[in-house]
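Peer 1: One-letter residues, chain by chain:
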Amino acid sequence: MAGDLFYILVFPGFLFLAVFALIADYIDRKLHAKLQNRIGPPWYQPLADLIKLAAKEDLIPRQVDPWLFKLAPVFAVTAVVTAALYIPIWRHGTPMSFNGDVIVVLYLLTIPTLTFFLGGWYSRSVYSMIGAARSIMQLFAYEIPLFLSILAPALLADSWSLGGMTLFYAHHPWYALFNAVGLFTALISLLGKLERVPFDIPEAETEIVAGSFTEYSGRLLAMFRLALSIEMIVGAALIAAVFLPFGLNLGGPAAFGLYLVKVLGIVAVIALARTVFARLRIDQMINFCWQFVAPVAFLQVIIDLVAKGVIAR
Amino acid sequence: MSEIRSRNVTIPIGPQHPALKEPTSFSVTLSGEKILQVGVRLGYNHRGIEKACESRSFIQSLYLIERVCGICSHSHSSCFVQAVEEIAGLQLPPRAMYLRTIVAELERLHSHLLWLGVAGHEIGFDTLLMYTWRDREIVMDLLAAITGNRVNYGMNTFGGVRRDISHEQKADILKAMDTLEERTKYYISVATEETTLIQRLSGVGVLSHDDAIRLGAVGPTARASNVKRDIRKDDPYAAYDQVPFDLITSDCCDVYGRTLVRVGELMESYKLIRHLLNNLPDGPLAVKAPRKIPTGEAVSRYEAPRGEDVHYVRANGSEKPDRVKVRAPTLANVQAVAHMLKDRYLADLPIVVAAIDPCFSCTDRLIDLTRDGDGRCDVITWGQLHDYSMRWYKGQGMDLAKLNNRFKCGESS
Amino acid sequence: MKHPGRMVRQVLSSMLRKPATVRYPFVKVTMPKRFRGRLRFYAERCIGCRLCMRDCPTDAIQIRKIADKQFEADIDMAKCIYCAQCVDSCPKKALESTLDFELAQLDRDKLRQTFRGQPPASQKPPEDPQDKP
Numbered sequence: 001m002a003g004d005l006f007y008i009l010v011f012p013g014f015l016f017l018a019v020f021a022l023i024a025d026y027i028d029r030k031l032h033a034k035l036q037n038r039i040g041p042p043w044y045q046p047l048a049d050l051i052k053l054a055a056k057e058d059l060i061p062r063q064v065d066p067w068l069f070k071l072a073p074v075f076a077v078t079a080v081v082t083a084a085l086y087i088p089i090w091r092h093g094t095p096m097s098f099n100g101d102v103i104v105v106l107y108l109l110t111i112p113t114l115t116f117f118l119g120g121w122y123s124r125s126v127y128s129m130i131g132a133a134r135s136i137m138q139l140f141a142y143e144i145p146l147f148l149s150i151l152a153p154a155l156l157a158d159s160w161s162l163g164g165m166t167l168f169y170a171h172h173p174w175y176a177l178f179n180a181v182g183l184f185t186a187l188i189s190l191l192g193k194l195e196r197v198p199f200d201i202p203e204a205e206t207e208i209v210a211g212s213f214t215e216y217s218g219r220l221l222a223m224f225r226l227a228l229s230i231e232m233i234v235g236a237a238l239i240a241a242v243f244l245p246f247g248l249n250l251g252g253p254a255a256f257g258l259y260l261v262k263v264l265g266i267v268a269v270i271a272l273a274r275t276v277f278a279r280l281r282i283d284q285m286i287n288f289c290w291q292f293v294a295p296v297a298f299l300q301v302i303i304d305l306v307a308k309g310v311i312a313r
Numbered sequence: 001m002s003e004i005r006s007r008n009v010t011i012p013i014g015p016q017h018p019a020l021k022e023p024t025s026f027s028v029t030l031s032g033e034k035i036l037q038v039g040v041r042l043g044y045n046h047r048g049i050e051k052a053c054e055s056r057s058f059i060q061s062l063y064l065i066e067r068v069c070g071i072c073s074h075s076h077s078s079c080f081v082q083a084v085e086e087i088a089g090l091q092l093p094p095r096a097m098y099l100r101t102i103v104a105e106l107e108r109l110h111s112h113l114l115w116l117g118v119a120g121h122e123i124g125f126d127t128l129l130m131y132t133w134r135d136r137e138i139v140m141d142l143l144a145a146i147t148g149n150r151v152n153y154g155m156n157t158f159g160g161v162r163r164d165i166s167h168e169q170k171a172d173i174l175k176a177m178d179t180l181e182e183r184t185k186y187y188i189s190v191a192t193e194e195t196t197l198i199q200r201l202s203g204v205g206v207l208s209h210d211d212a213i214r215l216g217a218v219g220p221t222a223r224a225s226n227v228k229r230d231i232r233k234d235d236p237y238a239a240y241d242q243v244p245f246d247l248i249t250s251d252c253c254d255v256y257g258r259t260l261v262r263v264g265e266l267m268e269s270y271k272l273i274r275h276l277l278n279n280l281p282d283g284p285l286a287v288k289a290p291r292k293i294p295t296g297e298a299v300s301r302y303e304a305p306r307g308e309d310v311h312y313v314r315a316n317g318s319e320k321p322d323r324v325k326v327r328a329p330t331l332a333n334v335q336a337v338a339h340m341l342k343d344r345y346l347a348d349l350p351i352v353v354a355a356i357d358p359c360f361s362c363t364d365r366l367i368d369l370t371r372d373g374d375g376r377c378d379v380i381t382w383g384q385l386h387d388y389s390m391r392w393y394k395g396q397g398m399d400l401a402k403l404n405n406r407f408k409c410g411e412s413s
Numbered sequence: 001m002k003h004p005g006r007m008v009r010q011v012l013s014s015m016l017r018k019p020a021t022v023r024y025p026f027v028k029v030t031m032p033k034r035f036r037g038r039l040r041f042y043a044e045r046c047i048g049c050r051l052c053m054r055d056c057p058t059d060a061i062q063i064r065k066i067a068d069k070q071f072e073a074d075i076d077m078a079k080c081i082y083c084a085q086c087v088d089s090c091p092k093k094a095l096e097s098t099l100d101f102e103l104a105q106l107d108r109d110k111l112r113q114t115f116r117g118q119p120p121a122s123q124k125p126p127e128d129p130q131d132k133p
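Residue numbers (the numbering used here), protein chains in the order written: chain A, 1 to 313; chain B, 1 to 413; chain C, 1 to 133.
Chain A with its partners taken away, still in its complex shape:
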């Protein structure tokens, strides 16, 4: 019981995730700055931002339902931290693993977007409402490709738990190459989920101020920001576990170090993407996701099904 609590609250639960999220946030920002030939923020900047927001007053618009307004960020943080509990870090599976946890993780990762929608929609501000509507529209565009590309490797591994999948790929490392296409589509979908350039449409600063978060301030905004940062590393960890399932056999510190490298590598790719692309429009984003990403993700499913058939014979 105490072990579980430690696992949930401290390591690799909330506390570890929060610290790691801040570090990842720093690396993302520093890299973004370096790529743009700038100096970038000092190492403590993400923490300083968080402290600054936490020290500020929470302003709640008069017309909104204060409960929903306050609960939305809490749900966002809770959902992403919970999702992290099922993702293997230094061994195959976690104490919470069960068959089907990959589906649970995917759905838990959908919850933050829904809280962005609810928080924005009930803010009663035109910018928030447009941002909220865009969040949901975008959700429909990237969710299917993300599900398809994450579940395709599960089909090949014939296991619906992340632990089972990593175990399978540990025994057959070359099979992971079948999923190269899925890695690509999963990364694109992750950009959409994290609302990063080129898919930062729901919070496009120059159009709708801050989208869903326009009316949020103080601790509540800090929680949303933290949720987004944690979602970035959880999403990256999920992709790392599914598509780059190497090194978990090493066990202990080596596997953990490899996990950090993999996650930060994906964070670096995200930072590169937001440096070299312009923001798309919502209609262009939806067209792109349905006309290109979804079919390619579907192709991944077919590849895995065929591979499985060949292997079975």
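One or more of the hints may lead you astray.
Pair by pair, the computed Cβ-Cβ distance ranges are [claimed, not checked]:
# : chain 1 : residue 1 : chain 2 : residue 2 : range
1 : A       : Arg62     : B       : Arg47     : 31 to 39 Å
2 : C       : Lys65     : A       : Leu59     : 53 to 61 Å
3 : A       : Val261    : C       : Lys110    : 52 to 60 Å
4 : A       : Trp43     : C       : Lys18     : 17 to 25 Å
5 : B       : Asp387    : C       : Arg112    : 30 to 38 Å
Stretches of chain A that chain B covers, calculated by requiring three or more beta carbons in the stretch to come under 8 Å of a beta carbon on chain B [to be verified]:
# : region
6 : 34-42
7 : 195-209
EDC-like cross-link-like pairs, simulated, lysine to aspartate or glutamate; straight-line CA separation at most 20 Å [stated by the list, open to error]:
#  : chain 1 : residue 1 : chain 2 : residue 2
8  : C       : Lys18     : A       : Asp28
9  : C       : Lys18     : B       : Glu137
10 : B       : Lys292    : C       : Asp88
11 : C       : Lys2      : B       : Glu193
12 : B       : Lys288    : C       : Asp55
13 : C       : Lys18     : B       : Asp141
14 : C       : Lys28     : B       : Glu137
15 : B       : Lys288    : C       : Asp88
16 : B       : Lys21     : A       : Glu205
17 : C       : Lys33     : B       : Asp172
18 : C       : Lys33     : B       : Glu137
Note that these hints are calculated values from the structure, not bench results.
Every residue, glycine too, gets a C-beta built ideally from N, C-alpha and C.
Dock chains B and C against the given chain A, drawing on the hints supplied.
Peer 2: The following block gives chains B and C in isolation, referenced to the frame of chain A:
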């Protein structure tokens, strides 16, 4: 109409909004993401510069006029100076003409590079912003070295210019031109090859050739709609009739076309500056200008980076101008914005507004004053306005009548 | 050829370049020679023609007579717009723009400066400044 209103939302873009660098107000009626209607309201930045000129001497007004705009300060001061020189019948020495033109083209360089960055920022492409603004620093440093300041150069004076370009500076400028030309070539390749950029710019903010003429668009906005309109060619001033350069137009008619026209003009400016520097005539920097400008009036036109700038000056034989009127290029282009935005997406609004390279504080020549209570709008005379402001400030505990007799009523009329 | 990610090579090469950011105020910057910064007044050169006062767009200069052929200047740097027209107008080069641009003050009064005659030896005016046409 009320039924339409109930289903659509009207959102305010401005007076304060991240997409706008200066206060102005667009009220946008949306149906989903589609824009149905755009209302533009100007006047948040009215500073009363024209009227203030009337109570200052010509040389004092020059520095005030220079501050109409921060980015195209040389444009406004040159335009004003040209008008005054025409009234006074001053003949500029050739070297002064060339120096004025060189600073004008350097200003065009930094203005267009600035625009490229702003355009990148509006479509979420911050890397372009960082890179172009980094390169813009080269031009800013050159301008600071030549004129003594990064903005508000103070280069012009009546009858000539105040600063010379030394031999070392000439070498510096020529070297900088080579660096910038190479960088601009890279930006052209990015603008014509980066898919996400083209997707956000192409087909956005369409202004047909006929509409551009009908709505009186000027500058790169007009030239991108294939309207061959450039004061440097149509009505050459300074040294523009002595240097070869091409008029850049595009038939894209959209924001993409405006981008191409601006980067094309950058390339032309490098050519221009090289030619001007290599053929810089010797001679004095200025002729002596009288303090009292003889009675007369003049209209002066100038191709600012944003388009045609028009100044009207009337002199009455005294040290002070009788009337000064400024028509900034944005005023001519802002009509086109509402037209370009119709039936487009909300996401296009920032880039379409940015594509005319607006400068709202230059444009604001008027404010609607509505009366407290009934909200009615009246035309009042200068004297009434003066009395009203004196009363208002007195209510705030300030007696302006004692403070400065320069602003006394009647003196300027 | 059109393709997404046109700038990838350029941004990756930026990783190896020195950042373009100027590390002001940790590293001081110097202004070019012609920069128009804080004004300086050489009282012993002033002949009291008050052309500077007449041409100043913002009434930032006041020249006062304190004795026969002796003048002092009140310069309000808060009002000054740094056009340096006074420097050009002065027939005796009694005014000069310095390169000092760090003028921010919390107290407006600190921007007001009175220049009297006999400046200390360190403030001796240079003989005919070269780069100030």
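Peer 1: For the pair supplied as a hint, C/Lys33 and B/Asp172, confirm whether the alpha-carbon distance does not exceed 20 Å.
Peer 2: 14 Å, holds
Peer 1: Holds or violated: C/Lys28 with B/Glu137, Cα cutoff 20 Å?
Peer 2: Between C/Lys28 and B/Glu137 the Cα gap is close to 17 Å, so the pair holds against 20 Å.
Peer 1: Does B/Glu137 sit within 20 Å of C/Lys18, going by the straight-line distance between their CA atoms?
Peer 2: 16 Å, holds
Peer 1: Going straight from one Cα to the other, do C/Lys33 and B/Glu137 come out at no more than 20 Å?
Peer 2: Cα-Cα ~18 Å, so holds.
Peer 1: Assess, step by step, whether the Cα of B/Lys292 is no farther than 20 Å from the Cα of C/Asp88, and give holds or violated.
Peer 2: 18 Å, holds
Peer 1: Below or equal to 20 Å on CA atoms is what counts here, so check C/Lys18 against A/Asp28.
Peer 2: Holds, at roughly 19 Å.
Peer 1: Take a quick look at whether B/Lys288 and C/Asp88 sit within 20 Å of each other, Cα to Cα.
Peer 2: 13 Å, holds
Peer 1: Count the residues of the region 195-209 of chain A whose Cβ falls closer than 8 Å to any Cβ of chain B, and tell me whether that reaches three.
Peer 2: holds (count 10)
Peer 1: Do A/Trp43 and C/Lys18 keep their Cβ atoms within the hinted range of 17 to 25 Å?
Peer 2: With Cβ atoms ~20 Å apart, the hint holds.
Peer 1: With respect to the beta-carbon atoms only, verify the hint that A/Arg62 and B/Arg47 lie 31 to 39 Å apart.
Peer 2: Once the Cβ atoms are compared, 36 Å apart, the range 31 to 39 Å for B/Arg47 and A/Arg62 holds.
Peer 1: For the range 53 to 61 Å, tell me whether the beta carbons of C/Lys65 and A/Leu59 fit it or not.
Peer 2: 59 Å, holds
Peer 1: Is 52 to 60 Å right for how far apart the beta carbons of A/Val261 and C/Lys110 are?
Peer 2: 55 Å, holds
In summary, this structure violates none of the numbered hints.
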